[in-house]
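*Asks:* Here is what each chain is made of, one letter per residue.
4 protein chains.
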Amino acid sequence: MMTGREYVESLKKMTPRVFYKGKRLDRPYDHPAIAPHVKTAAVTYDLAHDPKHADVMTATSNLTGEKISRFTHLFWSVDDLVRKIAMLRLIGQETGTCFQRCVGLDGINALWSVTFEVDRAKGTGYHSRFRTFLKTLQREDLMSAGAMTDVKGDRSLPPWQQADPDLYVHIVGRKPGGVVIRGAKTHITGAVNSHEILVMPTLGLPPEGADYAVACAVPIDAPGLSVVFGRQSNDARKEEGSGVDCGTPFGVVGGESTLIFEDVFVPDARVFMAGEGDFAGLLVDRFAAWHRANYGGCKAGNADVLLGATALLAEVHGTVKNTVVKDKLTEMIHLVETNFAGAIGSSALATKLPAGNWLVDPLLANTVKQNVTRFVYQVARLAHDIGGGILSTLPSDADFESDEVGGLLKKYFAGKAGSSTDDKRKLIRYIEGMTSVSTLVEALHGAGSPQAQRIVMLRQARLEEKAKLARKVIGLGKGEK
Amino acid sequence: MMTGREYVESLKKMTPRVFYKGKRLDRPYDHPAIAPHVKTAAVTYDLAHDPKHADVMTATSNLTGEKISRFTHLFWSVDDLVRKIAMLRLIGQETGTCFQRCVGLDGINALWSVTFEVDRAKGTGYHSRFRTFLKTLQREDLMSAGAMTDVKGDRSLPPWQQADPDLYVHIVGRKPGGVVIRGAKTHITGAVNSHEILVMPTLGLPPEGADYAVACAVPIDAPGLSVVFGRQSNDARKEEGSGVDCGTPFGVVGGESTLIFEDVFVPDARVFMAGEGDFAGLLVDRFAAWHRANYGGCKAGNADVLLGATALLAEVHGTVKNTVVKDKLTEMIHLVETNFAGAIGSSALATKLPAGNWLVDPLLANTVKQNVTRFVYQVARLAHDIGGGILSTLPSDADFESDEVGGLLKKYFAGKAGSSTDDKRKLIRYIEGMTSVSTLVEALHGAGSPQAQRIVMLRQARLEEKAKLARKVIGLGKGEK
Amino acid sequence: MMTGREYVESLKKMTPRVFYKGKRLDRPYDHPAIAPHVKTAAVTYDLAHDPKHADVMTATSNLTGEKISRFTHLFWSVDDLVRKIAMLRLIGQETGTCFQRCVGLDGINALWSVTFEVDRAKGTGYHSRFRTFLKTLQREDLMSAGAMTDVKGDRSLPPWQQADPDLYVHIVGRKPGGVVIRGAKTHITGAVNSHEILVMPTLGLPPEGADYAVACAVPIDAPGLSVVFGRQSNDARKEEGSGVDCGTPFGVVGGESTLIFEDVFVPDARVFMAGEGDFAGLLVDRFAAWHRANYGGCKAGNADVLLGATALLAEVHGTVKNTVVKDKLTEMIHLVETNFAGAIGSSALATKLPAGNWLVDPLLANTVKQNVTRFVYQVARLAHDIGGGILSTLPSDADFESDEVGGLLKKYFAGKAGSSTDDKRKLIRYIEGMTSVSTLVEALHGAGSPQAQRIVMLRQARLEEKAKLARKVIGLGKGEK
Amino acid sequence: MMTGREYVESLKKMTPRVFYKGKRLDRPYDHPAIAPHVKTAAVTYDLAHDPKHADVMTATSNLTGEKISRFTHLFWSVDDLVRKIAMLRLIGQETGTCFQRCVGLDGINALWSVTFEVDRAKGTGYHSRFRTFLKTLQREDLMSAGAMTDVKGDRSLPPWQQADPDLYVHIVGRKPGGVVIRGAKTHITGAVNSHEILVMPTLGLPPEGADYAVACAVPIDAPGLSVVFGRQSNDARKEEGSGVDCGTPFGVVGGESTLIFEDVFVPDARVFMAGEGDFAGLLVDRFAAWHRANYGGCKAGNADVLLGATALLAEVHGTVKNTVVKDKLTEMIHLVETNFAGAIGSSALATKLPAGNWLVDPLLANTVKQNVTRFVYQVARLAHDIGGGILSTLPSDADFESDEVGGLLKKYFAGKAGSSTDDKRKLIRYIEGMTSVSTLVEALHGAGSPQAQRIVMLRQARLEEKAKLARKVIGLGKGEK
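In order, the protein sequence lines correspond to chains A, B, C and D.
First residue of the first sequence: 295, per the numbering used here; consecutive thereafter.
First residue of the second sequence: 295, per the numbering used here; consecutive thereafter.
First residue of the third sequence: 295, per the numbering used here; consecutive thereafter.
First residue of the fourth sequence: 295, per the numbering used here; consecutive thereafter.
Quick caveat, the hints were computed from the structure, so don't treat them as lab data.
Every residue, glycine too, gets a C-beta built ideally from N, C-alpha and C.
Keep in mind that the hints are not guaranteed to be accurate.
Under the rule of at most 25 Å between Cα atoms (straight-line distance), these lysine-lysine pairs were calculated in the DSS-like manner [as the list claims (entries may be wrong)]:
{"#": "1", "chain 1": "C", "residue 1": "LYS346", "chain 2": "D", "residue 2": "LYS704"}
{"#": "2", "chain 1": "D", "residue 1": "LYS307", "chain 2": "D", "residue 2": "LYS333"}
{"#": "3", "chain 1": "D", "residue 1": "LYS646", "chain 2": "D", "residue 2": "LYS416"}
{"#": "4", "chain 1": "A", "residue 1": "LYS307", "chain 2": "A", "residue 2": "LYS317"}
{"#": "5", "chain 1": "C", "residue 1": "LYS710", "chain 2": "D", "residue 2": "LYS762"}
{"#": "6", "chain 1": "D", "residue 1": "LYS704", "chain 2": "A", "residue 2": "LYS315"}
{"#": "7", "chain 1": "B", "residue 1": "LYS317", "chain 2": "B", "residue 2": "LYS333"}
{"#": "8", "chain 1": "A", "residue 1": "LYS704", "chain 2": "B", "residue 2": "LYS766"}
{"#": "9", "chain 1": "D", "residue 1": "LYS762", "chain 2": "C", "residue 2": "LYS622"}
{"#": "10", "chain 1": "B", "residue 1": "LYS429", "chain 2": "B", "residue 2": "LYS416"}
{"#": "11", "chain 1": "D", "residue 1": "LYS416", "chain 2": "A", "residue 2": "LYS705"}
{"#": "12", "chain 1": "B", "residue 1": "LYS315", "chain 2": "C", "residue 2": "LYS704"}
{"#": "13", "chain 1": "B", "residue 1": "LYS317", "chain 2": "C", "residue 2": "LYS705"}
{"#": "14", "chain 1": "D", "residue 1": "LYS762", "chain 2": "C", "residue 2": "LYS620"}
{"#": "15", "chain 1": "A", "residue 1": "LYS346", "chain 2": "A", "residue 2": "LYS361"}
{"#": "16", "chain 1": "D", "residue 1": "LYS762", "chain 2": "A", "residue 2": "LYS315"}
{"#": "17", "chain 1": "B", "residue 1": "LYS762", "chain 2": "A", "residue 2": "LYS346"}
{"#": "18", "chain 1": "A", "residue 1": "LYS333", "chain 2": "A", "residue 2": "LYS307"}
{"#": "19", "chain 1": "A", "residue 1": "LYS306", "chain 2": "A", "residue 2": "LYS416"}
Derived contacts from chain A toward chain B, CB cut-off under 7 Å, selection only [claimed, not checked]:
{"#": "20", "residue": "LEU319"}
{"#": "21", "residue": "LEU451"}
{"#": "22", "residue": "GLN664"}
Turn these sequences into a full structure, and let the hints guide you.
*Replies:* Structure follows, in structure tokens:
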């Protein structure tokens, strides 16, 4: 397994075509907008070497028998799923932000299971290809990003009826030895600092959309692939230098990019679905189930840091012993632990798939994500409530360092006797970042928008079974009609 | 293990002193207000004989090696705790209401663990007494009710400062071979149709309150014990006969009683705490943790029936395919499964206690109960919304059976073509019952009021640990002070 | 204007055909299920004679120049509308329950304005007929009930496509001098103790549904009209006698009935719409706008009593000074006053209709009702939270009066020193009644279900206007396309 | 009255000492961080000249008889208060953001009424001083900012017990002809581009805090006054140029500053309170009541634009006809109009103060603000839900303009056929800005934090009156004790 430092070095051997603010970046990993995300992902490598966390951070590969990072491990049991959630919470606590790697992890599990089932149904050979790919991923300890969401254009139309057929990634050519794909995937967490991109379809597809049913692995520096790094809340502050206003060294959210595939050639060994549209929905559902449960882990870890920061800020304000403030902190705890409990619950009720790995309970996993879409806003409001108006109006680093007004600002932004104004400012900037639009929207739409979860929940809950229970308990059908 | 019928027969051998509506009941178990609760508890006995549910409903006693009802089983593993939740959901689905038995189950687990720890700390001999008592309970397959909540008088005062010292159950005499207790326990679910009452203290106690630290087992027909069966929503309808207005055969909520102990003598073999006030709070917390998690199981089972009934009523109304109606059903599902997921999650993260049985994660268990206190009201609103105004204005059975207007009512209360008006009325009455004050308040205050959960959550969440995480991630303490 | 006593006497001269629990009632107004509602309506008459409330309770008729009850008054100004809300809150405070009369009040205003507009459009003569009818109503100070909601059968079908054409009230015959109507109206508040029923259509109607577009006035004892009084939560307790368990003398909700019209002949002078389906929707919308605003008045008045009761119960429990309890009371206040503010706001922005009376702002009025549908459940939860589990388990009157256990119950249900156990029980029973299914469902579905309000809100908000504002502010359309 | 252009010119004659990002700004009004706020305030001047809005935007001074901007007008009637809300909504719609001027408006009304009452009680001469000041403000059509919130230090301590006595603004010297003040006011909306600062105390003060009871007017360029302009969400983007990423020309929130008073001398003619601590709380309450009602006006206007933008974005996405999307838009409407209705309601129930101006109903006004503190988060969530993940990940202006990837981005970020990608980006950036931390926190803490409103609500609701109502309705005190 690589260390964080080795991971960063390994990235620097790659030559992705990365754009940000209109410029192609020569050294993307050092750019102040991107470096914090690299640093965050590096923590996932370093923690895997910490003996204290070995049970949580590492596992033994059943493909190779070797000790591997849990981020390249298949879920072979309930225990693996529970440990995954524990791992996500742990790293969430250590970084206070998104560490990007769960998309790839769920992606490999989804591909493992669905390639198996496609082969079984259609006699194709995707599963062994994927097994080979996965072994390499495990051995080389590579970071993979899952790329599912297409740019979608007009959402009232299916992919093949869009004005521009490229608005969903699709196969535009089949050559000897591989396929050629075109299109764009967007909101791709961690893509810029991953080694591999796992391309997956974003919806179930009927025969007329077969070319859109494509899953494959593409190196981040594949010819024809452009990476446009998106803007984030307050991103421009990072370019101001290394002051408090930049936030923590780990940034916020997952460094989302848009990936543009301009006729990228993917060799057969890296193609895991190429036209089996009847299995595309299954792939999406599998991936989504695992991924939606995660939000009860990582967001709880992040919220632990946010809660700590909010409590510390209340202490600086002199309000932390106030009964109403404590009640608000309790409410934050309640919301966070509700999600964590759900993530564990959906893991504990996992079932075994035909390919041997285990799937979380999809109904419960979807409730977790649905709750996250609500709770982050409530948690943000409570943090803002306790944190105060200063979250909106704090002057800049440069003002605090200014000869002319710096002294005055330090005088006037003092908190409780003995507290540090610098620390107060850091707490404020951290809370600001973790409740920004980038963070809220990521929690809302990541792993699927709220409505996506509701569709699954209604389907999974099987109302017809509940109607049967009601008929029996209530004694329907007895008596006149 | 007894069958349901044997359970009912066993009750009839007892002679409790039961009052309801001003009368002492000679045959309490046949009274129309009480019989539905007996019938519900009987289901817990019958299901234990159903081979299909054997894994969930039964277990092997580690005290006797015999097959026993899970309701008298100690929790020896995570698996036992997960199965408990599954059992609660199952019976909740089969009865559509409270089946009363989880209080006793959690009570025996709490007493098992705390008597062990008291003995270890103080050299007392409570644990072996309790083991003997529990063996009998298992062998004879008895139903026990947990009696924790005192009547409390003025809640701003501790027990020993109340105007009347009896407002919390306490030891008023210590005789050779036993103790004498006085006071009243209230809201006691299932008490009237239990064989045994497990008396437990309701709060932690300092030395001056030592006499209030009493835990013991009292047969329901012990001399000096009076049982006053409380009123429930629409209870008087049950005495009108067996029509639709009575609701299902299983009634609503758990048949709560007030138990008045007028100097009841309890022999030593049945006394499990008698003055160890420093362990009373532990007993309450243990019991509460297990018990609060339950609400994610039984209430989910009940809600399954309610959801089924609501969907069926929507079908009768011709609205079930409406997108907005489906969205409301989805919301009900979401709330219910959030709770269920939490109950499983708190079970999956259980830890082993010194006495060998396993305790659910208290923080997560408290979030479950807290959510229930909110969700039942939201679920009720959604069921009412879909069910319509008729939930409030439906005419009586007798009107529907009347020669003069019965025909007209059947004509005018017709639903979708082909549906039964009788079934429609039954659905309405079931929804009415399951969203009544009795049901809502039970869900709110059962296993402790909302504030009780918040106190535990704040304590369990250890904000100081979160503050440490924040300090580290945010880099506090670096820079000027 | 009649006094309360005169009102009751005037009722007794009528001979409606009333059914309840399978029996035709000879003296319906004295029946324990109905008498509380009569008593409540009588308060609306008595308060009109109280000089202290003259400004609010009475007005000067612009038809006759006489002083009349505001309940028969047309809304001639913003001031009239604001005073109406004040009147509703006042009587809500004096009775603690629904006093039934606002449906008729809004009905006469709706008919006044719509008959005017129908006549103007079609040259019919409804308005002068209605004016004559209204003069009588004002002079004789009669109580009118509005009857809008049909039984509806299969709600996915329009009236004329139902399996039974009678599931919406319709004209089945046109005779010289009048029309014959058939069908049933349900959930009709105050009907049994009104003098007149104002029949109104429940939805807009295309030409094929013209016969369903019927508005008219029918005396409660008209031949062919049957009144079936619906069941309410805990209605059977009222027949137990006059104890605490019966609740207050005023009962809960509005004494809703189902009215069955078996070919009732309505003379022309009392017919105000007979086929003008293109105006039926307007009539519904007008009525609904006024009526939905009301809920910010009457429910606030009721909630004032509920708040008072809850605070008193907290005092008895010794918890009223607890910061968290005060916060919960504050939340109840907040919800209640939000609604009241909205009702006043929708009145203050009223506009003048062609017929001269004033219409509340429909968008704002609909928000009021929508909020009520949510807030009653939240208010109930808070009252239950503060009130405690005893709301679900309190023993009966008869037990408290029993020789055997009455003394014990009084001992054990004592509250704070000096408080009365009888008063405690009364508080509990009042809270129980005001949060029962009858009360909650009435608040939810009265004046239209939540979805009805949402449809109006979306239509009234004119998103296209908001889009224009956005285009301008954001500068759309400038730049490439 | 000045035009917008004249207003901007008038500012440029002033020489305030303004700091931003560590630099003193020579031409603060032209700085890209500040200019949008100047531009927004200018709209309030221009609209006053638009005949279409004359009724709403202007009034006749009762001090001078001249036509004046409503922003310098006292509230002489309910009508003035209703028009104020209408004005706030109008300008909110025209600018889509905070236009800063209501703080000064409410400040002059608060000072008008309280100086009158102080003089009446104490024989001081503040009111005539203030009248003179106000006449000038009206005649010269000056913009005034209200400065109430102190920096507060340790909030568990009163001003005079802080480690540093300057943490609340106070009088540090009384000289012939005036007073000298020291301290800092923070979160001061519109300060940098106002002519006058109205300093007001932030809490009620006992005798030992008398020196903190200071109200006065200070020109923005008074010697000794420093203005530190705070950071806002995404403020650094404004310095990138005039692209889409900057947001609208009007910016977000109100351009809040911290004002540092280093021994500023205020001549007597401008001092309106100087030691009357027993009236300081009254001044705060008065100001707060008016100001809290405002949020139902301006925020509704802003939300109109946000709603329009969200609906337009849904149109671009092709989702606007989806039933669930429409329901979410309806929910946004509902929340917004609830607030607007409340603001109108609190205005309609205004009462006349001793000094002749009218005060909104404080209880209702506080509910408005309390709702805003919740609703902005819900509205933000709904806008994010409909807007999609792109709110978090949209690439920068420069990327869209880049030769290398601009074309690709335009291709891939296309929406529905015929829609403009530039417009799509503008909609996204507007929604991003209006749901940013700056905006949310301003809505939460502006005009007082949530708890401040709850304290007023509990006090204003007079529970003891409600208890009396309950006693009467429920019949307490009748029966045994």
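*Asks:* Is the shortest C-beta separation between LEU319 of chain A and chain B less than 7 Å?
*Replies:* violated, 26 Å
*Asks:* Between LYS704 of chain D and LYS315 of chain A, is the straight-line Cα distance small enough, at 25 Å or below?
*Replies:* The hint holds at about 15 Å.
*Asks:* For the pair supplied as a hint, LYS306 of chain A and LYS416 of chain A, confirm whether the alpha-carbon distance does not exceed 25 Å.
*Replies:* Violated, at about 41 Å.
*Asks:* Is the hinted pair LYS317 of chain B and LYS705 of chain C satisfied, with a Cα-Cα distance of at most 25 Å?
*Replies:* holds, 18 Å
*Asks:* Is the straight-line distance between the alpha-carbon of LYS762 of chain D and that of LYS315 of chain A 25 Å or less?
*Replies:* violated, 67 Å
*Asks:* Can you confirm whether the C-alpha distance between LYS762 of chain D and LYS622 of chain C stays at or below 25 Å?
*Replies:* With Cα atoms ~20 Å apart, LYS762 of chain D and LYS622 of chain C stay inside 25 Å; holds.
*Asks:* Would the hint linking LYS317 of chain B and LYS333 of chain B be met if the CA-CA limit is 25 Å?
*Replies:* Given that 25 Å is the threshold and the Cα spacing comes to 22 Å, the pair holds.
*Asks:* LYS704 of chain A and LYS766 of chain B: Cα distance at most 25 Å?
*Replies:* holds, 23 Å
*Asks:* Run the distance test for LYS762 of chain B versus LYS346 of chain A: straight-line Cα separation, threshold 25 Å.
*Replies:* holds, 18 Å
*Asks:* Measure nothing beyond the straight line between the CA atoms of LYS346 of chain A and LYS361 of chain A; if it is 25 Å or shorter, mark the hint as holding.
*Replies:* holds, 15 Å
*Asks:* Given the hint that LYS307 of chain D pairs with LYS333 of chain D, test it: the Cα-Cα distance must not exceed 25 Å.
*Replies:* Holds - the C-alpha atoms of LYS333 of chain D and LYS307 of chain D are around 17 Å apart, at most 25 Å.
*Asks:* Taken at face value, is the distance from the CA of LYS416 of chain D to the CA of LYS646 of chain D at most 25 Å?
*Replies:* holds, 21 Å
Violated hints for the displayed structure, listed by number in ascending order: 1, 11, 16, 19, 20, 21.
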